[in-house]
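For the record, the sequence lines run as chains A and B. Residues in the first sequence are numbered from 1 upward in steps of one, following the UniProt record's numbering. Residues in the second sequence are numbered from 1 upward in steps of one, following the UniProt record's numbering.
FYI, nobody ran anything at the bench for these hints, they're computed from the structure. Computed from a predicted structure; not experimentally measured. Glycine included, each C-beta is placed from N, C-alpha and C at the ideal position. Take the hints with a grain of salt, since some may be wrong.
Said to hold, decoys possible - Listed next, with one range per pair, are the computed distances between beta-carbon atoms:
(1) A:E76 - B:Q50: 50 to 58 Å
(2) A:R122 - B:T12: 28 to 36 Å
(3) B:I37 - A:T8: 35 to 43 Å
(4) A:K144 - B:S24: 13 to 21 Å
(5) B:E63 - A:K144: 28 to 36 Å
(6) A:K47 - B:N128: 35 to 43 Å
(7) B:K169 - A:M28: 43 to 51 Å
(8) A:R122 - B:E126: 28 to 36 Å
(9) A:K169 - B:I37: 21 to 29 Å
(10) A:E76 - B:E76: 35 to 43 Å
Said to hold, decoys possible - Heads up, simulated DSSO-like pairs for lysine-lysine below, C-alpha to C-alpha not over 30 Å straight-line:
(11) B:K169 - A:K143
(12) A:K21 - B:K49
(13) B:K143 - A:K177
(14) B:K38 - A:K168
(15) A:K131 - B:K168
(16) B:K168 - A:K143
(17) B:K167 - A:K84
(18) B:K38 - A:K169
(19) A:K120 - B:K169
(20) B:K49 - A:K168
(21) A:K167 - B:K135
(22) A:K167 - B:K144
(23) A:K167 - B:K66
(24) B:K169 - A:K168
(25) A:K143 - B:K144
(26) A:K167 - B:K131
(27) A:K21 - B:K120
(28) A:K168 - B:K144
(29) A:K167 - B:K38
(30) B:K167 - A:K169
(31) A:K143 - B:K135
(32) A:K143 - B:K84
(33) A:K143 - B:K143
(34) A:K84 - B:K177
(35) A:K177 - B:K21
(36) A:K135 - B:K168
(37) B:K143 - A:K135
(38) B:K144 - A:K169
(39) B:K21 - A:K144
(40) A:K167 - B:K120
2 protein chains.
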Amino acid sequence: MKSLDRKTEIITIAAKLFKEKGYSAVTMRDIAQAMDIKAASLYNHIKSKQEILVLIIIEIAEEFTKVMNEIMLSDETCIQKIEKVIQLHVDITVRDSDALASLNADWMHLADAELAYFIKMREEYEENFRKIIMKGIADGELKKLNPEVIIFSIHTTLRTLYLWYGKKKSLNASVLKSNMTQVLLHGIV
Amino acid sequence: MKSLDRKTEIITIAAKLFKEKGYSAVTMRDIAQAMDIKAASLYNHIKSKQEILVLIIIEIAEEFTKVMNEIMLSDETCIQKIEKVIQLHVDITVRDSDALASLNADWMHLADAELAYFIKMREEYEENFRKIIMKGIADGELKKLNPEVIIFSIHTTLRTLYLWYGKKKSLNASVLKSNMTQVLLHGIV
Numbered sequence: 001m002k003s004l005d006r007k008t009e010i011i012t013i014a015a016k017l018f019k020e021k022g023y024s025a026v027t028m029r030d031i032a033q034a035m036d037i038k039a040a041s042l043y044n045h046i047k048s049k050q051e052i053l054v055l056i057i058i059e060i061a062e063e064f065t066k067v068m069n070e071i072m073l074s075d076e077t078c079i080q081k082i083e084k085v086i087q088l089h090v091d092i093t094v095r096d097s098d099a100l101a102s103l104n105a106d107w108m109h110l111a112d113a114e115l116a117y118f119i120k121m122r123e124e125y126e127e128n129f130r131k132i133i134m135k136g137i138a139d140g141e142l143k144k145l146n147p148e149v150i151i152f153s154i155h156t157t158l159r160t161l162y163l164w165y166g167k168k169k170s171l172n173a174s175v176l177k178s179n180m181t182q183v184l185l186h187g188i189v
Numbered sequence: 001m002k003s004l005d006r007k008t009e010i011i012t013i014a015a016k017l018f019k020e021k022g023y024s025a026v027t028m029r030d031i032a033q034a035m036d037i038k039a040a041s042l043y044n045h046i047k048s049k050q051e052i053l054v055l056i057i058i059e060i061a062e063e064f065t066k067v068m069n070e071i072m073l074s075d076e077t078c079i080q081k082i083e084k085v086i087q088l089h090v091d092i093t094v095r096d097s098d099a100l101a102s103l104n105a106d107w108m109h110l111a112d113a114e115l116a117y118f119i120k121m122r123e124e125y126e127e128n129f130r131k132i133i134m135k136g137i138a139d140g141e142l143k144k145l146n147p148e149v150i151i152f153s154i155h156t157t158l159r160t161l162y163l164w165y166g167k168k169k170s171l172n173a174s175v176l177k178s179n180m181t182q183v184l185l186h187g188i189v
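If we strip away everything but chain A, and leave its shape as in the complex, we get (with noise of 0.2 Å):
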């Protein structure tokens, strides 16, 4: 439990790290230093700075996934689905920004095996985010809308909010979720 506690606080640490000063300027030296412990305790932990980026990636891109595929066997209507794509994504932003920044800025650093693994995430995760807006169109649940504009736009937004959020922590997660839900399904007119 010790050791799970620790291994949490390296992430949360690194993650913050990797945000300020991007994944490949960050020496495992640094990441000791902001814990206050020598190197050579890091390592008890740790096998390397690769094993951190794999755990800080791999685990938010899970959990994606595992969210997303109960959203898409679920009996909801697509509104309901893309509500809780919202959700979602606000709920990881709110708890977990610097993990996400790491996500976007860093993935491509992740080595053979794990690259492709979270590739292949990601291209699902996209694949039915697509499939909920074609399905939403073609039952007349959405507008007959370019089906690419409404995928780009609500994905934009919410694979950005990250960036923005950072600085407006004030908005807490259940505001943020109920007028970003009306703002991308519903529109500001």
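Assemble chain B onto chain A, guided by the hints.
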């Protein structure tokens, strides 16, 4: 006139190279090579890479500023003003996505006076956009939603459009404009 055309060609080719390799990695020699001329000839038209960057970024920033100022001075409704802002972004994206990529990725490489001028234009632009949204909410033209969420979602969609449009060139400008206006103003439901 001949010289002006040459300058446009330099800017067009340099913006493409900056996008592909990043501003710092591109040399005047690379630009000359891509134009199939000698580096010495390039210097007949332009003093430095920095001068090219200024031409690319400041020209686009001044265009955004000029059109935004016209929009602010007009008697139109807030909704019409937002429509004009969306049109402006789509027009510049469709016409000049390489230059927009350079503006977004390389603005911090501008030297002192131009950097300050660029930041001032950007801040005024964002301030004007905020005024339109705040007035729209105050006048009851827009829904009473959190203005920060509205501003962020529209702004991030328009700002990242060039990244997406590069891959979707098949979409023509007027279809993109009308669909983007629908999605951002009136929603997808």
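Do the hints match the structure? See the list:
1. For the pair E76 of chain A and Q50 of chain B, the supplied restraint of 50 to 58 Å holds, since their beta-carbon distance comes to about 55 Å.
2. Checking the proposed 28 to 36 Å range against R122 of chain A and T12 of chain B shows it holds: the Cβ atoms sit about 33 Å from each other.
3. For the pair I37 of chain B and T8 of chain A, the beta carbons lie near 58 Å from each other, so the given range of 35 to 43 Å is not met.
4. For K144 of chain A paired with S24 of chain B, a C-beta distance near 45 Å fails the hint of 13 to 21 Å.
5. A C-beta distance of roughly 33 Å is found between E63 of chain B and K144 of chain A, which places it inside the suggested range of 28 to 36 Å.
6. Checked against the hint of 35 to 43 Å, the pair K47 of chain A and N128 of chain B fails, with Cβ atoms roughly 52 Å apart.
7. Remark: the range hint 43 to 51 Å for K169 of chain B to M28 of chain A is upheld by a beta-carbon distance near 44 Å.
8. At about 31 Å, the beta-carbon gap between R122 of chain A and E126 of chain B stays in the expected band of 28 to 36 Å.
9. Checked against the hint of 21 to 29 Å, the pair K169 of chain A and I37 of chain B fails, with Cβ atoms roughly 52 Å apart.
10. Checked against the given bound of 35 to 43 Å, the beta carbons of E76 of chain A and E76 of chain B, roughly 40 Å apart, stay inside it.
11. Between K169 of chain B and K143 of chain A the alpha-carbon distance is near 23 Å, which keeps this suggested pair within the 30 Å criterion.
12. Among the hinted pairs, K21 of chain A with K49 of chain B is consistent with the structure: their alpha-carbon atoms are about 27 Å apart, no more than 30 Å.
13. Under the criterion of a C-alpha separation no larger than 30 Å, the hint pairing K143 of chain B with K177 of chain A is consistent with the structure, at around 16 Å.
14. With a C-alpha separation of about 51 Å, the suggested pair K38 of chain B and K168 of chain A falls outside the 30 Å cut-off, and the hint is violated.
15. Between K131 of chain A and K168 of chain B the alpha-carbon distance is near 19 Å, which keeps this suggested pair within the 30 Å criterion.
16. About 21 Å separates the Cα atoms of K168 of chain B and K143 of chain A, which keeps this hinted pair within 30 Å; it holds.
17. For the suggested pair K167 of chain B and K84 of chain A, the alpha carbons sit about 28 Å apart, so the restraint of at most 30 Å is met.
18. Proposed proximity of K38 of chain B and K169 of chain A is contradicted: the alpha carbons are some 53 Å apart, above 30 Å.
19. At most 30 Å may separate the alpha-carbon atoms for a hinted pair to count; K120 of chain A and K169 of chain B meet this at roughly 25 Å.
20. Taking the CA atoms of K49 of chain B and K168 of chain A, the gap is near 37 Å; set against the 30 Å cutoff, the hint is violated.
21. About 23 Å separates the Cα atoms of K167 of chain A and K135 of chain B, which keeps this hinted pair within 30 Å; it holds.
22. Between K167 of chain A and K144 of chain B, the direct Cα distance comes to roughly 22 Å. Compliance with the 30 Å bound is thereby established for this hinted pair.
23. As the CA atoms of K167 of chain A and K66 of chain B are separated by approximately 29 Å, the hinted pair is consistent with the 30 Å bound.
24. Between K169 of chain B and K168 of chain A the CA atoms are separated by roughly 34 Å; this puts the pair beyond 30 Å, and the hint is violated.
25. Taken as a hint, the K143 of chain A and K144 of chain B pair is honoured in the structure, with Cα atoms around 23 Å apart against an allowance of 30 Å.
26. A distance of roughly 20 Å separates the Cα atoms of K167 of chain A and K131 of chain B; the hinted pair therefore holds under the 30 Å criterion.
27. The hinted pair formed by K21 of chain A and K120 of chain B meets the criterion: a straight-line CA distance of about 26 Å does not exceed 30 Å.
28. A distance of roughly 19 Å separates the Cα atoms of K168 of chain A and K144 of chain B; the hinted pair therefore holds under the 30 Å criterion.
29. Between K167 of chain A and K38 of chain B the alpha-carbon distance is near 48 Å, which puts this suggested pair outside the 30 Å criterion.
30. At roughly 33 Å between alpha-carbon atoms, K167 of chain B and K169 of chain A are farther apart than 30 Å, so this suggested pair is violated.
31. Pair hint K143 of chain A plus K135 of chain B holds up; C-alpha atoms about 28 Å apart against a cutoff of 30 Å.
32. With a C-alpha separation of about 22 Å, the suggested pair K143 of chain A and K84 of chain B falls inside the 30 Å cut-off, and the hint holds.
33. The suggested pairing of K143 of chain A with K143 of chain B holds, with an alpha-carbon distance near 20 Å, which does not exceed 30 Å.
34. Restraint check for K84 of chain A and K177 of chain B: the C-alpha separation of about 28 Å stays at or below 30 Å, so the hint holds.
35. Between K177 of chain A and K21 of chain B, the direct Cα distance comes to roughly 38 Å. Violation of the 30 Å bound is thereby established for this hinted pair.
36. A threshold of 30 Å between alpha carbons decides the hint, and for K135 of chain A with K168 of chain B the separation of about 21 Å falls inside it, so the pair holds.
37. Of the supplied pair hints, the one linking K143 of chain B and K135 of chain A holds, its CA atoms being roughly 28 Å apart against a limit of 30 Å.
38. Between K144 of chain B and K169 of chain A the alpha-carbon distance is near 21 Å, which keeps this suggested pair within the 30 Å criterion.
39. Annotation: proposed proximity of K21 of chain B to K144 of chain A is violated, straight-line Cα distance about 39 Å (limit 30 Å).
40. Restraint check: the Cα-Cα separation between K167 of chain A and K120 of chain B comes to about 20 Å, which is no more than 30 Å; the hinted pair holds.
Taken one by one, the earlier hints fail for this structure at numbers 3, 4, 6, 9, 14, 18, 20, 24, 29, 30, 35 and 39, listed in ascending order.
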